[in-house]
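Just so you know, the protein sequences line up as chains E and C, in that order.
Counting from 1, position 17 in the first sequence corresponds to residue 17 in the numbering used here; the numbering is continuous, with no gaps.
Counting from 1, position 96 in the second sequence corresponds to residue 96 in the numbering used here; the numbering is continuous, with no gaps.
Incorrect hints may have been included.
These stretches of chain E come out as covered by chain C in the derived footprint (C-beta under 8 Å, 3 or more residues) [to be verified]: (1) 89 to 97; (2) 120 to 127; (3) 170 to 183.
Partial list, derived from the structure: chain E residues whose beta carbon lies under 10 Å from chain C [what the hints assert, rightly or not]: (4) H60; (5) G213; (6) I224.
In short, the hints are calculated from the structure, not lab data.
Cβ atoms here follow ideal geometry from the backbone N, Cα and C, with glycine treated the same way.
Number of protein chains: 2
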Amino acid sequence: MPSATNWRVVLEYDGAAFNGWQSQPQGRCIQDVVEHALSRLLGGEAVTVHASGRTDAGVHALGQVCSFRAHADRPPERMLAGLNALLPPDVSCLEATPAPPDFHARFSATGKRYRYVIRVGPGRSALRRGRCWPIHWPLDVSAMEDALRRLVGRLDFTSFRAAGCSASSPVRTVDQMALLQVDDELHIEVHGEGFLRHMVRNIVGSAVDVGLGKRPPSWFDELIDRRDRSLAGRTAPGAGLYLVEVDYPATLTRS
Amino acid sequence: MPSATNWRVVLEYDGAAFNGWQSQPQGRCIQDVVEHALSRLLGGEAVTVHASGRTDAGVHALGQVCSFRAHADRPPERMLAGLNALLPPDVSCLEATPAPPDFHARFSATGKRYRYVIRVGPGRSALRRGRCWPIHWPLDVSAMEDALRRLVGRLDFTSFRAAGCSASSPVRTVDQMALLQVDDELHIEVHGEGFLRHMVRNIVGSAVDVGLGKRPPSWFDELIDRRDRSLAGRTAPGAGLYLVEVDYPATLTRS
Numbered sequence: 001m002p003s004a005t006n007w008r009v010v011l012e013y014d015g016a017a018f019n020g021w022q023s024q025p026q027g028r029c030i031q032d033v034v035e036h037a038l039s040r041l042l043g044g045e046a047v048t049v050h051a052s053g054r055t056d057a058g059v060h061a062l063g064q065v066c067s068f069r070a071h072a073d074r075p076p077e078r079m080l081a082g083l084n085a086l087l088p089p090d091v092s093c094l095e096a097t098p099a100p101p102d103f104h105a106r107f108s109a110t111g112k113r114y115r116y117v118i119r120v121g122p123g124r125s126a127l128r129r130g131r132c133w134p135i136h137w138p139l140d141v142s143a144m145e146d147a148l149r150r151l152v153g154r155l156d157f158t159s160f161r162a163a164g165c166s167a168s169s170p171v172r173t174v175d176q177m178a179l180l181q182v183d184d185e186l187h188i189e190v191h192g193e194g195f196l197r198h199m200v201r202n203i204v205g206s207a208v209d210v211g212l213g214k215r216p217p218s219w220f221d222e223l224i225d226r227r228d229r230s231l232a233g234r235t236a237p238g239a240g241l242y243l244v245e246v247d248y249p250a251t252l253t254r255s
Numbered sequence: 001m002p003s004a005t006n007w008r009v010v011l012e013y014d015g016a017a018f019n020g021w022q023s024q025p026q027g028r029c030i031q032d033v034v035e036h037a038l039s040r041l042l043g044g045e046a047v048t049v050h051a052s053g054r055t056d057a058g059v060h061a062l063g064q065v066c067s068f069r070a071h072a073d074r075p076p077e078r079m080l081a082g083l084n085a086l087l088p089p090d091v092s093c094l095e096a097t098p099a100p101p102d103f104h105a106r107f108s109a110t111g112k113r114y115r116y117v118i119r120v121g122p123g124r125s126a127l128r129r130g131r132c133w134p135i136h137w138p139l140d141v142s143a144m145e146d147a148l149r150r151l152v153g154r155l156d157f158t159s160f161r162a163a164g165c166s167a168s169s170p171v172r173t174v175d176q177m178a179l180l181q182v183d184d185e186l187h188i189e190v191h192g193e194g195f196l197r198h199m200v201r202n203i204v205g206s207a208v209d210v211g212l213g214k215r216p217p218s219w220f221d222e223l224i225d226r227r228d229r230s231l232a233g234r235t236a237p238g239a240g241l242y243l244v245e246v247d248y249p250a251t252l253t254r255s
């Protein structure tokens with residue numbers, strides 16, 4: 001049997017019709033459709049695909065990175081075209097390249113960028129259904145910026161961590177936090193070495209409470225200090241969240 | 001019976017799952033779902049909804065304008081909220097206001113703006129499926145700009161007119177034509193007093209032939225001069241086309 005090739009694959013997906021990345025007894029999940037497409041492409045070989053992280057139900061990806069080992073040999077351009085032919089319309093493959101043997105989409109990742117999209121205004125948007133969090137009241141953008149910039153640094157994010165989070169430490173480094181106004185949308189762009197479960201969505205939910213005037217920006221200092229999830233705001237809906245890109249050491253993304 | 005109110009309604013829709021605006025024996029159409037929602041909202045009153053123009057299958061709207069007369073009396077904010085509650089997820093109501101009696105969405109329109117979205121690059125985009133024309137080869141943007149600007153003016157657009165077009169004259173005035181690069185997308189923005197059937201899509205199809213190097217920009221002068229549809233390029237897919245907004249005299253949009 002020839003030695004297996006380690007593959008690095010970049011995926012885009014519309015999370016609206018998925019129950020998240022991970023295989024589970026109920027509901028359609030991205031991992032299953034990717035493994036199914038690969039098995040067809042590789043002549044029936046069963047592969048296990050590892051993602052950089054497990055996106056939740058409704059969450060989208062502009063550049064989710066996955067890795068898997070396969071014995072069947074395929075040229076990269078055929079892997080790319082084959083995946084795009086076999087994946088459902090709401091998942092697409094942007095890149096497929098052989099990777100060094102020690103590359104692992106999850107364990108090799110050194111950073112991630114997320115975008116959260118809020119639509120501000122009355123009514124609803126047909127074209128952006130399932131792709132943003134609609135907020136019907138005006139938001140105080142400068143108060144939100146004031147709150148969010150307090151989260152840049154190496155901090156204890158316990159107050160923004162979901163109940164079921166299995167990470168051993170609640171300390172994370174966030175090195176970029178930006179709030180952009182794009183027409184009637186607010187984009188919250190976050191970059192960090194890694195994130196706790198629901199961390200971005202809990203930060204956004206709390207930032208919206210600040211934007212609505214329910215809390216002052218200094219509340220974010222208190223949330224960091226108090227380390228108590230029950231003090232922070234609601235979890236923003238998955239539909240507004242996009243995994244934009246995942247960082248790896250340059251030596252691991254060259255094949 | 002009280003006199004009917006004339007209504008002006010602005011709609012956004014995702015055209016992907018529609019067979020266009022107009023009622024027809026086969027396929028789901030936007031006119032039907034809007035008339036159905038209105039009938040439910042107005043206690044069973046049957047209304048006929050006129051749009052500014054009949055968008056084709058797959059074509060989207062960011063601001064389609066419609067008008068209709070209804071006897072049932074509803075406050076505008078209830079009309080807006082009611083339509084958004086009763087319309088399917090892929091159609092939304094952005095505005096609903098009473099209009100002067102002589103306002104007609106089609107006959108009162110004085111101009112329209114369309115956007116055509118091309119995605120340039122390999123593979124496909126899951127999040128933009130049904131919302132752009134994917135072109136897999138590089139396009140010469142400056143050649144396309146050179147071609148497109150030749151269409152600004154009052155010209156005979158016979159070469160860009162669909163076979164079934166019922167307009168009495170092929171002469172139209174295009175006053176704006178812009179090509180914008182937005183990340184991996186090209187946006188062709190067109191504004192004019194009115195458009196022939198498939199005119200924007202036929203212009204875009206021909207512009208892509210120029211972008212691919214199959215034709216020089218001066219070909220557009222020839223197309224205008226020769227007045228022969230068989231000489232122009234293919235019709236670009238409906239999925240990339242967005243009706244952005246419709247213009248009316250200010251006196252007709254105040255109630």
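Taking the hints in turn, this is what the structure says about them:
1. 89 to 97: holds (count 6)
2. 120 to 127: holds (count 6)
3. 170 to 183: violated (count 0)
4. H60: holds (6 Å)
5. G213: Because about 23 Å separates E:G213 from the closest Cβ in chain C, which is outside the 10 Å limit, the hint is violated.
6. I224: violated (33 Å)
Hint compliance for this structure: hints 3, 5 and 6 are broken, all remaining hints hold.
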